[in-house]
Amino acid sequence: MAKSDLMVKTKIDDLFRLNFDGFRKDFLLSWDKSADDIQAVMTLAEILWELHNDNVGLRVFRTGLAVSFFRDKSTRTRLAYASACDLLGLTMQEMDEEKSQIAHGETIRETANMISFLSEVIGIRDDMFLGRGHNFMKEVAQALDGGFAEGVLGRRPAVINLQCDLDHPTQTLSDLVHLKNYFGGLNELKNKKLVMSWAYSPSYGKPLSVPQGIIALLSRFGMDIVLAYPENYDLVPEVVETAKKFSRESGGSFAISHDMKAAFKNADAVYPKSWAPYWVMQKRTDLMYNNDQKGLRELEKECLDQNARHKDWLCDEELMKTTRNGNALYLHCLPADVQGLNCLEGEVTLKVFEKYRVETYKEARYKAFVIAAMIIICCFRDPVAIIDKLFRENLNRAG
Amino acid sequence: MAKSDLMVKTKIDDLFRLNFDGFRKDFLLSWDKSADDIQAVMTLAEILWELHNDNVGLRVFRTGLAVSFFRDKSTRTRLAYASACDLLGLTMQEMDEEKSQIAHGETIRETANMISFLSEVIGIRDDMFLGRGHNFMKEVAQALDGGFAEGVLGRRPAVINLQCDLDHPTQTLSDLVHLKNYFGGLNELKNKKLVMSWAYSPSYGKPLSVPQGIIALLSRFGMDIVLAYPENYDLVPEVVETAKKFSRESGGSFAISHDMKAAFKNADAVYPKSWAPYWVMQKRTDLMYNNDQKGLRELEKECLDQNARHKDWLCDEELMKTTRNGNALYLHCLPADVQGLNCLEGEVTLKVFEKYRVETYKEARYKAFVIAAMIIICCFRDPVAIIDKLFRENLNRAG
Amino acid sequence: MAKSDLMVKTKIDDLFRLNFDGFRKDFLLSWDKSADDIQAVMTLAEILWELHNDNVGLRVFRTGLAVSFFRDKSTRTRLAYASACDLLGLTMQEMDEEKSQIAHGETIRETANMISFLSEVIGIRDDMFLGRGHNFMKEVAQALDGGFAEGVLGRRPAVINLQCDLDHPTQTLSDLVHLKNYFGGLNELKNKKLVMSWAYSPSYGKPLSVPQGIIALLSRFGMDIVLAYPENYDLVPEVVETAKKFSRESGGSFAISHDMKAAFKNADAVYPKSWAPYWVMQKRTDLMYNNDQKGLRELEKECLDQNARHKDWLCDEELMKTTRNGNALYLHCLPADVQGLNCLEGEVTLKVFEKYRVETYKEARYKAFVIAAMIIICCFRDPVAIIDKLFRENLNRAG
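One line per chain: the protein sequences are X, V and H, in this order.
Using the numbering used here, the first residue of the first sequence is number 1, and each one after it goes up by one.
Using the numbering used here, the first residue of the second sequence is number 1, and each one after it goes up by one.
Using the numbering used here, the first residue of the third sequence is number 1, and each one after it goes up by one.
Looking at chain X on its own, in the form it has when it is part of the complex (with noise of 0.2 Å):
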């Protein structure tokens, strides 16, 4: 047996002795799931990274369709859900607000409807705006429940988060893939030193989603986790809560501090990115709602200033001195603000990122394969046996 053949076994293994339970289930914020079933996403994501590299064919689907709803911008999570789509045999059909009638009249309970007479997932985006994503994947699932129970629809789609406003879990759980693989191994985790640490940005807005995402995955494997933020530049107060919580359950710990500098002492991994305090997102959804532009421009202004008094929260190589061994790993979902690379003034200076460019590349390449495990632990009910089999027969993908 190939090396790589029994790594597959070993995780196979591993897969079989969790107790999870994802099956017609949703994936909407990791901390309502348990560490089984985010240790089940994970283990079978590699599983799936392994088999593909080795050009096994991972077709699990002969037909189907998975529907995407972007309702912001994305390059990445589109591509990593197409990715994930094709790879088990779904075909991606997005769903674009603008030419469809969504807007027009339909309320969310239908169209959830409509959309899933031959669907096996929902992957939804919808991240801008706090207090809506997560609602609005929630609306759907829900209706999702309904229509199954009225016997509308004859399977019970599973709705996938691709980040909504509270959590982006794909993108962390590849943080966390990539962690683990870097560190070599899930309890080589515990008790690293992960620092969270907000950084300039010169653009505004940007989504709560990752910073809490992060705090909230990562304290429950034990890590000892500092939130470094500017003052108020605070996260939503329940997801640090919860972050609290998972922390003394693991073992781990976790602190909060509005100094970087401090913060970045003896740190074994950085996660230095820009957000926008919660309550200034909450306020520009209420802006929004009331469709006052002119309130979303002062706000714009204002945040944008505000900002601006932060710009020595920067990631330098300097500050990485100071973290373990100098050697911290520097963690990003991409793309960053890269100073000299794509803005004059931001997140991190262009030489601590090009040593870690790598690194970051790595760190995004699991997405896919994150999301294609979700999909196989939503649409089956037995899903060891299924790449099992998928390991057992193992036609070549191409060719």
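Bear in mind the hints are in silico, worked out from the structure with no lab data behind them.
Be aware that one or more of the hints could be misleading.
Identical copies look the same in the list; a pair holds intra-copy or inter-copy alike.
[Said to hold, decoys possible] Using 16 Å as the maximum straight-line C-alpha spacing, the simulated EDC-like pairs for lysine to aspartate or glutamate come out as follows: (1) Lys73 / Asp96; (2) Lys73 / Glu94; (3) Lys355 / Glu150; (4) Lys265 / Asp5; (5) Lys362 / Glu150; (6) Lys244 / Asp32; (7) Lys265 / Asp316.
Put chains V and H on the given structure of chain X with help from the hints.
Frame of chain X, contents of chains V and H only:
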């Protein structure tokens, strides 16, 4: 043999006995098809539906393209077409008139040939301008005839009408399958009273294709049809004549009423839906071709004013009480203008709509299977052999 | 063995004898490829064409992505690419620069890696600005080299030029297959006179890629090429030099003429088509990069005025009578500016165009198979084995 298998087997035998002929033919207007042609589509659609629900793979194309031209916004028909194509193994390729060069000096003949080298089917929606949609489809069809005769095309793709100015056969055949199943068989439709009624909508210029398609289709199955509308809201006279002729031939009846209340009395099924008078639609087309924006605005205002005089054409509970046992089946192609849900005054009250909401969803879900049936009948010389093979092979669609 | 089977078998033997090498290489400019590389694409394209016509399934990918970047409008090339991908079992995923974040601070290097994790091929069209298209493709290709070397990408996708500022190889190879079949073999092209001629068009700024691609490709097969254009309408000098060199090497000839009538005398094939002088295309690029809207408008006016002085560069019946036996083959990449069909004054008269219309359609239909051939040659170490397997397995594509 399982119960669903027996049902499928029976229907395959039914299909075998029908004298239909659709190979390399288009599906443009239901009234140009024989009754057996229509029953074949229905029967095959139901077989596909049953097999799909039993997780039987229906991939009859290893590869192949299905082109779609949507000249109007569409959620449902677009997704139904995408679903049908995926179900059979075709890749849908959308021709977006904005992205493409169609508007840049290409003739329809040239475009039709260029998009057909590897295509099996061309689905077109063009319903907004009376005198355009069906004519455009015929032009495409003629171009394909030419391309095939001239040896440009190795195979002549079928054109499928996904809604034109005159008819909407994929919708009305779904409606018919629903009616058939609701009442317990095609024979049960004989002398059932169906009211196709105009109803008030706050919007303007709704196409004629559904009411025309409904009266011209259901009149073939012996129903007692009442077409109800305020004076001057006439449908295209030739289509009404066709419906009358079909009614005579099928042993049903056909009447026109200008009194919604009288029409609904003792009805077995009602289809209240707004449309614009055919002479308005004609005028609108003329104005559009002359690019007379002022004229178009004036016509819109005039028609909205005209509509506003008929707000009492509303399907409410009181009216529904007057139907057979107070229990007529409410039909709609969706989305409906539901008073109190997506408009202040509309086609139907929320209470009536809610009572029949699940039924309207079920009515909608056949559309993808109707389209898939049309594709199989157009693309294969022996559709019975094709479906019989799928039934016998019994390959899992998922897993 | 059926006649078409014998033909395919012969061509597979031809392919086997060619000394070509395209595995994990791009197809950017035809003149950077060896003659055997080009013949391999042609031969494989014809094999795929024959097999497809015989309903042989050509799915060589169980799953896989083909990314497309279209930076300009396109009907035909877009659909040809979609057709080729579908034919081989790849899913085309369009990168829409508006929908995506490409414009938002991503570097080409990063984007190229992000879209390539699961991709087999990246097709790019970028032809409007001289100095941009080919350079963009090279940048993407270099980024992919980097990603593969750095271990980010498990496999290095191939970049395929779907039209750049310099060359349009998928078009010109289709033209060449058509010429070859029309004249009865590649050897029959030797010392046939081909005129690539400028012709009047009412539009402005048509790309140079087709005329350049034509002279640099056909010069390799011993044709006597005359490049005809009004003074000052020069092509990029380096490309013309390349064509001259190829002509010398292949035993053909190459001449430039500024007299359309003289050029057409005794021609065996003519390709009358408008383009903009290369120095205009260069100026336009500079103005665009400086966002000089006024300058762009002035340049457009100047060029249209300049063009208008050459309305006599028209391919009409009289001119065609002067060709060999009055019967030269008319070539065009379509859509043509046909006088009396889609413009008042254009490249060709309606009578001439109608006489050769079917031939131009046949010329166009090879494009999808040329692209498919490029994909197979780029993605598989042993394309002969791949195609031989498809031929032997002989699975039905449809049914």
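Do the hints match the structure? See the list:
When the C-alpha separation of Lys73 and Asp96 is checked against a cutoff of 16 Å, the pair qualifies both within a copy, at 11 Å, and between copies, at 10 Å. Taking the shortest alpha-carbon separations for Lys73 and Glu94, both the intra-copy value of 13 Å and the inter-copy value of 14 Å come in at or below 16 Å. For a Cα distance limit of 16 Å, the shortest separation of Lys355 from Glu150 across copies, 12 Å, qualifies, whereas the shortest one inside one copy, 56 Å, does not. Proximity of Lys265 to Asp5 under the C-alpha cut-off of 16 Å is found in neither arrangement, the shortest distances being 41 Å within a copy and 68 Å between copies.
For the homomeric pair Lys362 and Glu150, the shortest alpha-carbon distance between copies (10 Å) is at most 16 Å, but the shortest distance inside one copy (44 Å) is not. Taking identical chains as interchangeable, the C-alpha atoms of Lys244 and Asp32 lie at most 16 Å apart only when both belong to the same chain, with a minimum of 15 Å there against 60 Å between chains. For the homomeric pair Lys265 and Asp316, the shortest alpha-carbon distance inside one copy (13 Å) is at most 16 Å, but the shortest distance between copies (70 Å) is not.
When the structure is compared with the earlier hints, a violation turns up for hint 4 alone.
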